[in-house]
Amino acid sequence: MPSNDSVQTLYSDHHGWLHAWLRSKLGNAADAADLAHDTFVRLLQRHEHLQLNTPRAFLRTVARGLVIDHWRREELHRAYLEALAHVPEAQSPSAETRELLLELLERIARMLDGLKPKVRRAFLLAQCEGLKHQAIAEQMGISVRTVERYIADALYHCYVLRYEDEC
Amino acid sequence: MTAARPDAKAVKQAIQWLLRLRESGHEPTLQQQCAQWRSAHHEHEQAWQRVMHLHHDLDLRCVPGAGLALQTLETSQQRLHRRQALKLLGGVVMAGSATWLAKDLDAISAWASDYATGTGERRVLTLPDGSLLQLNTRSAVDLAFNAQQRMVRLKQGELMMTCNARHPVLVQTRNALLEGFEGRFVAYQDNDCTRVSVTHGKVAVHRPGNGQLLWIESGQNWRLDAQGAHRLAHLGMDPMAWTEGLIVTQDMRLSDFLTQVSRYRHGYLGCSDEVADLRLSGVFRLEDPEQLIQLLPQTLPVRLRQRTRWWVRVERMA
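If you read the protein sequences in the order shown, they are chains U and Z.
If you count the first sequence from 1, position 115 lands on 1168 in our numbering, and the numbers rise without skipping.
If you count the second sequence from 1, position 221 lands on 253 in our numbering, and the numbers rise without skipping.
Here chain U stands alone, though its shape is the one from the complex (with noise of 0.2 Å):
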């Protein structure tokens, strides 16, 4: 756990360089501003040492997660309206179940992330609409052997990332 001295130190020397870094990506200050400060937050929380000989590629690397995870969200929420508008009114979610929704899709999308995109389409044949592996692999155009490798591989990769930093 770094030390709050350390943080407190790269705040002040770094926070408005980080801050128009991020406008500059975000093309909007008060996104800048939450995310210049979710960036010391996670920085605080981590449990390794800071590495502080290069401070500003460190805080960069740390913040284009920020804004990645920023943007996904943007980009559920914007996907997820467009697509219940196809859905008759009383069909609809409730407001409330929208946002476990989405809170669980972005879970989902933060851990498919790095996928091959056929990989990553054969999971979610699989978790989302329950498909066997046959109709997966008609669908893909491609054999059952691949299909059962891409979901195994899929959940190989989501297990890694959930269990890493466990010992």
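Incorrect hints may have been included.
Mimicking DSS-like on lysine-lysine, the simulated pairs with C-alpha atoms at most 30 Å apart in a straight line are [stated by the list, open to error]: (1) U:K1185 to Z:K187; (2) U:K1171 to U:K1185; (3) Z:K44 to U:K1169.
Just so you know, these hints were derived from the structure itself, not from any lab.
Chain U is fixed; fit chain Z onto it per the hints.
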């Protein structure tokens, strides 16, 4: 004591068991075999528990309202990628290359086809998804359509997209990536900017070097350039009129009007500074731009200086 953390081999085996059971509809013999495997080692059991937990967390089949999950996840992921790519390229992009999006387009193997119009020519194309693409004079587009993405690259000139509701259509210009949903919009690639006008629905604008999404609503006209995005309060003309072979102006500056008209004819057409700010309102037919020019002195205090058929300058009446 057994290891506190199952190794990769045990985890992969647990995943195999899970998939086989799920696929078989939890067939009893298989369940029994799986139970044997689990009890063979403490590590197996631990790996099994963790994989089951994980699987449960990732299972969307029983979540209420999750029917749209697949679509939502896939659509948002594609857009996120596009956004990241745009953002990464930011800054370098405005150097003037029309291929700045190329890195982001590996999903599209090749630009499927090219369409172009000559001076004064207009063309209507029906795209594979039912969207309508209209090209104005001196325009060129590349099309790339596949199951995931519908992309039109506006290389020069002007187009009107009438989008089919089901899938958004992407229009790439030199200054931005436009994403049109159900609705209709016009994009005009000028030398240093793109003008976008929306008449129905709305358009999402992705800009290089700017992560903020810009929404252009119905009835709005915007100019997108290297400096940013500017809403145009007064365009001076109906941006869609060309699709009916007309220029419809309202209080339009003469020099802007002549710039528009020169797109439909060969040669030079310009005016002197003294008359540039004269205003013009009316409905003009594009079929015969020469006649249109000859009629100008009847509506404005101007005269034509004509050196050749292709060189015309509008000046103040002597």
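Verification of the supplied hints:
1. With a CA separation close to 45 Å, the supplied pair K1185 (chain U) and K187 (chain Z) exceeds the 30 Å bound.
2. The hinted pair formed by K1171 (chain U) and K1185 (chain U) meets the criterion: a straight-line CA distance of about 16 Å does not exceed 30 Å.
3. This hinted pair checks out: K44 (chain Z) and K1169 (chain U) have alpha carbons roughly 19 Å apart, not beyond 30 Å.
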